[in-house]
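*Asks:* Dock chain B against the given chain A, drawing on the hints supplied.
Protein sequence lines, in the order shown, are assigned to chains A and B. The number in my numbering is simply the position in the first sequence, starting from 1, with 99 added. The number in my numbering is simply the position in the second sequence, starting from 1, with 44 added.
Be a bit skeptical, because a hint or two may be false.
As the list claims (entries may be wrong) - Pairs of lysine-lysine, DSS-like flavour, derived with a Cα cap of 27 Å: (1) Lys-172/A / Lys-143/A; (2) Lys-119/A / Lys-138/B; (3) Lys-182/A / Lys-72/B; (4) Lys-212/A / Lys-139/B; (5) Lys-153/A / Lys-139/B; (6) Lys-96/B / Lys-119/A; (7) Lys-142/B / Lys-119/A; (8) Lys-143/A / Lys-209/A; (9) Lys-212/A / Lys-151/A; (10) Lys-137/B / Lys-151/A; (11) Lys-172/A / Lys-119/A; (12) Lys-149/A / Lys-182/A; (13) Lys-209/A / Lys-151/A; (14) Lys-143/A / Lys-93/B; (15) Lys-209/A / Lys-139/B; (16) Lys-137/B / Lys-178/A; (17) Lys-143/A / Lys-182/A; (18) Lys-143/A / Lys-137/B; (19) Lys-137/B / Lys-172/A; (20) Lys-142/B / Lys-172/A; (21) Lys-145/B / Lys-212/A; (22) Lys-72/B / Lys-96/B; (23) Lys-142/B / Lys-209/A; (24) Lys-72/B / Lys-168/A.
To be verified - If we take Cβ atoms under 7 Å as the criterion, some of the chain B residues that face chain A in the derived model are: (25) Tyr-56; (26) Lys-72; (27) Val-125; (28) Phe-132; (29) Asp-133; (30) Trp-136; (31) Lys-138; (32) Leu-140; (33) Leu-143; (34) Leu-146; (35) Leu-147.
Derived by calculation from the structure, the hints in this document are not laboratory data. None of the values given here were measured: they were computed from a predicted structure. A virtual CB, placed ideally from N, CA and C, is assigned to each residue, including glycine.
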Amino acid sequence: MQRDIRHQWFFNHSPETVWKYLTDPDLIAQWLMENDFKPVVGHKFQFITKPKVKVKFDGVVYCEVLEVKPYTKLSYSWKGGSKGQITLDSIVIWTLTARDGGTDLVLEHKGFKGMKNYLAYFFMNIGWKAKVMKRFSLLIGS
Amino acid sequence: MKTQQESLDPFYALADPSRRYILQLLSKDSLSINALAENFEMSRPAVSKHIKILNSAGFISIEDIGRERYCVLNQEGFAEVQEWINFFDAFWKKKLRKLEKLLNEKTKKK
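For reference, chain A alone in the conformation it holds in the complex:
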């Protein structure tokens, strides 16, 4: 069962170049969404896109910059919902690693709140093995 999202991509470009595309608002807008991002910890910003009625998303992602380590790591909170009701509460983390003259970029989108209900569902489906429970509690606690 999926708890969070992780994608790893290799780019034929230096971490400095990839970093620019993650932190310059005009460049971000070209591939991700319109935004007022600034690479400053504590800066609050928004991404604006088309609403997606199916998942009750009004098209605004509310974010706050959590970590900025130039050319290495960037993270921000990622909240959204519909009509001012936040149903999505999560964190996005970008990690850049230089490799073979290019960059390994790892995107993690995790910390989705609402895990409590996950637990109910999870145990409902797999039964009550103590081992699994222990492992899952470690996961949740991390």
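*Replies:* For chain B alone, kept in the frame of chain A given last:
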């Protein structure tokens, strides 16, 4: 009456075998407190106590239907979160492909 508004640690709620059994029963169907109590040797107040704990941990909700109080398993929150995860999984794949294209075009121009 004391309020039990603060939410309980889900692991505490799950630590007890009777409470896990209650959740298992409710995963098949919603049940009244009386119907649930029939599955246990313990007294009805003891069953009620377990139900209260499961309720404040967010696993179940209690609804009054007629004269009976029914226990219902909460799966809504789960489904909502899963929908977001599915949505953004596809979203990021698409966006990263776009970023790759953009970066490649940029180097070709130079």
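*Asks:* Against each hint, give a clear statement of whether it holds in the structure.
*Replies:* Hints versus structure:
The suggested pairing of Lys-172/A with Lys-143/A holds, with an alpha-carbon distance near 18 Å, which does not exceed 27 Å. Distance restraint check for Lys-119/A and Lys-138/B: the Cα-Cα separation of roughly 19 Å lies within the 27 Å cut-off, and the hinted pair is therefore satisfied. With a CA separation close to 34 Å, the supplied pair Lys-182/A and Lys-72/B exceeds the 27 Å bound. As the CA atoms of Lys-212/A and Lys-139/B are separated by approximately 23 Å, the hinted pair is consistent with the 27 Å bound.
For the suggested pair Lys-153/A and Lys-139/B, the alpha carbons sit about 19 Å apart, so the restraint of at most 27 Å is met. This hinted pair does not check out: Lys-96/B and Lys-119/A have alpha carbons roughly 52 Å apart, beyond 27 Å. Restraint check: the Cα-Cα separation between Lys-142/B and Lys-119/A comes to about 15 Å, which is no more than 27 Å; the hinted pair holds. Between Lys-143/A and Lys-209/A, the direct Cα distance comes to roughly 19 Å. Compliance with the 27 Å bound is thereby established for this hinted pair.
Under the criterion of a C-alpha separation no larger than 27 Å, the hint pairing Lys-212/A with Lys-151/A is consistent with the structure, at around 20 Å. For the hint pairing Lys-137/B with Lys-151/A, the CA-to-CA distance comes to about 17 Å; that is within 27 Å, so the pair holds. The hinted pair formed by Lys-172/A and Lys-119/A meets the criterion: a straight-line CA distance of about 12 Å does not exceed 27 Å. Simply put, Lys-149/A and Lys-182/A have alpha-carbon atoms about 14 Å apart, close enough for the 27 Å limit, and the pair holds.
At most 27 Å may separate the alpha-carbon atoms for a hinted pair to count; Lys-209/A and Lys-151/A meet this at roughly 20 Å. Our distance criterion of 27 Å between C-alpha atoms is broken by Lys-143/A and Lys-93/B, whose separation comes to about 44 Å. With a CA separation close to 17 Å, the supplied pair Lys-209/A and Lys-139/B stays within the 27 Å bound. The straight-line distance between the Cα atoms of Lys-137/B and Lys-178/A is roughly 19 Å, inside the 27 Å bound, and the hint therefore holds.
Straight-line distance between C-alpha atoms of Lys-143/A and Lys-182/A comes to about 19 Å, which keeps the hinted pair within the 27 Å bound. Under the criterion of a C-alpha separation no larger than 27 Å, the hint pairing Lys-143/A with Lys-137/B is consistent with the structure, at around 25 Å. Restraint check: the Cα-Cα separation between Lys-137/B and Lys-172/A comes to about 19 Å, which is no more than 27 Å; the hinted pair holds. For the hint linking Lys-142/B to Lys-172/A, the alpha-carbon distance of about 20 Å falls within 27 Å, and the restraint holds.
Of the supplied pair hints, the one linking Lys-145/B and Lys-212/A is violated, its CA atoms being roughly 33 Å apart against a limit of 27 Å. At most 27 Å may separate the alpha-carbon atoms for a hinted pair to count; Lys-72/B and Lys-96/B meet this at roughly 20 Å. For the proposed pair Lys-142/B and Lys-209/A, the alpha carbon gap of about 22 Å is at most 27 Å, so the pair holds. The hinted pair formed by Lys-72/B and Lys-168/A fails the criterion: a straight-line CA distance of about 49 Å is larger than 27 Å.
With its C-beta approaching chain A no nearer than about 11 Å, Tyr-56/B sits outside the 7 Å limit, and its interface hint is violated. The beta carbon of Lys-72/B is not positioned within 7 Å of any beta carbon in chain A (closest approach about 10 Å), and the interface hint is therefore violated. Hint on Val-125/B holds. Least Cβ distance to chain A is approximately 4 Å, under the 7 Å limit. Using the Cβ-Cβ criterion of 7 Å, the hint placing Phe-132/B at the interface with chain A is satisfied: the shortest such distance is roughly 6 Å.
With a cut of 7 Å, the hint placing Asp-133/B at the interface with chain A holds, because the nearest CB-to-CB distance is about 5 Å. Because the closest C-beta pair between Trp-136/B and chain A is about 6 Å apart, less than 7 Å, the hint holds. Because the smallest distance between the Cβ of Lys-138/B and any Cβ of chain A comes to about 10 Å, over 7 Å, the interface hint for this residue is violated. The interface hint given for Leu-140/B is met, as the beta carbon of that residue sits about 5 Å from the closest beta carbon of chain A, less than 7 Å.
Hint on Leu-143/B holds. Least Cβ distance to chain A is approximately 4 Å, under the 7 Å limit. The interface hint given for Leu-146/B is met, as the beta carbon of that residue sits about 5 Å from the closest beta carbon of chain A, less than 7 Å. A distance limit of 7 Å between C-beta atoms decides the matter here; for Leu-147/B the minimum to chain A is near 5 Å, and the interface restraint holds.
Checked against the numbered hints given earlier, the structure breaks hints 3, 6, 14, 21, 24, 25, 26, 31 and satisfies all the rest.
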